[in-house]
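Number of protein chains: 2
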Amino acid sequence: MPAKADLQRLRSLREKKHREALGLFVVEGEKVVGELLAAKLAFSEIYATADWIAAHPGSQPAPVTVTPAEMERASHFPTPARVLAVGRIRRTPLPDSGLTRGLTLALDGVQDPGNVGTLLRIADWFAFDRVVLSPDCADLFSQKVINASMGSFARVTVHTTPLAEALAGLPGRTPVLGCDLAGTDVHTLAPLRDAVVVIGSEGRGLSPGVKACVTDFVTIPRHGHAESLNAAVAAAIVCDNLRRAAGH
Amino acid sequence: MPAKADLQRLRSLREKKHREALGLFVVEGEKVVGELLAAKLAFSEIYATADWIAAHPGSQPAPVTVTPAEMERASHFPTPARVLAVGRIRRTPLPDSGLTRGLTLALDGVQDPGNVGTLLRIADWFAFDRVVLSPDCADLFSQKVINASMGSFARVTVHTTPLAEALAGLPGRTPVLGCDLAGTDVHTLAPLRDAVVVIGSEGRGLSPGVKACVTDFVTIPRHGHAESLNAAVAAAIVCDNLRRAAGH
Chain Z
99 MPAKADLQRL RSLREKKHRE ALGLFVVEGE KVVGELLAAK LAFSEIYATA DWIAAHPGSQ
159 PAPVTVTPAE MERASHFPTP ARVLAVGRIR RTPLPDSGLT RGLTLALDGV QDPGNVGTLL
219 RIADWFAFDR VVLSPDCADL FSQKVINASM GSFARVTVHT TPLAEALAGL PGRTPVLGCD
279 LAGTDVHTLA PLRDAVVVIG SEGRGLSPGV KACVTDFVTI PRHGHAESLN AAVAAAIVCD
339 NLRRAAGH
Chain Y
99 MPAKADLQRL RSLREKKHRE ALGLFVVEGE KVVGELLAAK LAFSEIYATA DWIAAHPGSQ
159 PAPVTVTPAE MERASHFPTP ARVLAVGRIR RTPLPDSGLT RGLTLALDGV QDPGNVGTLL
219 RIADWFAFDR VVLSPDCADL FSQKVINASM GSFARVTVHT TPLAEALAGL PGRTPVLGCD
279 LAGTDVHTLA PLRDAVVVIG SEGRGLSPGV KACVTDFVTI PRHGHAESLN AAVAAAIVCD
339 NLRRAAGH
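For the protein sequence lines, the chains are Z and Y, in the order given.
Each residue of the first sequence is one higher than the last, beginning at 99 in my numbering.
Each residue of the second sequence is one higher than the last, beginning at 99 in my numbering.
Only true hints are included.
It does not matter which identical chain is meant; a pair holds if it fits inside one copy or across any two.
Once the Cα atoms are required to be at most 30 angstroms apart in a straight line, the calculated DSSO-like pairs of lysine-lysine come out as:
id, residue 1, residue 2
1, Lys-138, Lys-242
2, Lys-242, Lys-114
3, Lys-114, Lys-102
4, Lys-129, Lys-242
5, Lys-309, Lys-129
6, Lys-102, Lys-242
Derived from the structure by calculation, the hints contain no laboratory data.
Please read these numbers as outputs of a predicted model, since none were measured by experiment.
Let's have the full structure, built from the sequences with the hints guiding it.
Spelled out as structure tokens, the structure:
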């Protein structure tokens, strides 16, 4: 049985300041906990109702049994789930080689957590080597980001770093691709082994410092009248064309 | 000055049953009202604060001035906007030629309103001839759908119809493309002038009746480990490849 203070601590993790202070994040719900367990994420604590525990023998770490009433006190949702899991916040520093090698998806001020999660899922699908978040993106450890990533949160390497600085330090031969309405047709991309794809925020697009580092503006051919595409949608189309151009 | 009953009526339009009973829908906020006015949507009523009206001379129909306190009573949001507009629900029946000609994006039980709106935006970007919604999709006239469409709501022709029946009536030569993990590589699509792209719900995929009508399963090549892509993301990649294959 968990202590009352434990339930309060779990509940407090919905706020970024408490996550940072404790170095912990929380996810709630059978779907997301199941996805992350399947992706081999090592949780530090699991809290679940007796029926969830009975249905998931051998879960690691051993779950603490909570009653539905206790879950209600810990829960972040109007309708509490049957399971809630806590993980340690681990941040991977950007290695010295930075963004030079392989494929990087770089998010510049993407503040919608659903979009950040969807972009992690896209990076996972297309096997990008890493995702880089500028510090003003939605918090990677928020439930909305983790839920929207559909388990990709546990599989993709993510670094948070000032993006313009990281891009400015790149050797000249690493292409930095940005989306624009007046760039090169994305269908004519050269085969690239190493590249950074930068995605701006929905409202403001790329920040000036990041935009200055873009070496190749690419355009998704438009046939109708929409002003733009959603950030994640545009990123996915660029990733598909990048992989297609590289012939693998 | 609006009557109290008017404010209540505006507020009631957040619910589908009231929209259906009155044959009206409402949108709120400067961004979405501006997008729809720019797209030449003919509203039947506009309610706005004096400062909005002063900043938008000549708006049609002539706006009714409301105080911030009145807006609060009419508003659907915790923070009321400065403008709210009402339009008539118009439904375009599917013509006899149905889905035979041109490009159709067909949504099969897509229940997330953000996804439905994003898919309208994608159909607009790629100049699809129409979007077809199965009756169990998110309501086209809900604010979340209209907001997420970023103005495409006013530009795309949308029909709501039982999808499996509409597809079953197609002549055999109109290809119906569905996404699948074991289909033909989407990069090898033949040039198609007429086609229907069907998109299933996030959770359940295509319904059995619609799945039975798919003539060509296509696969977006996967390089990593994500189980799937978001419905709108997958649709956008298929649309880009369809347009690319047709060479325009």
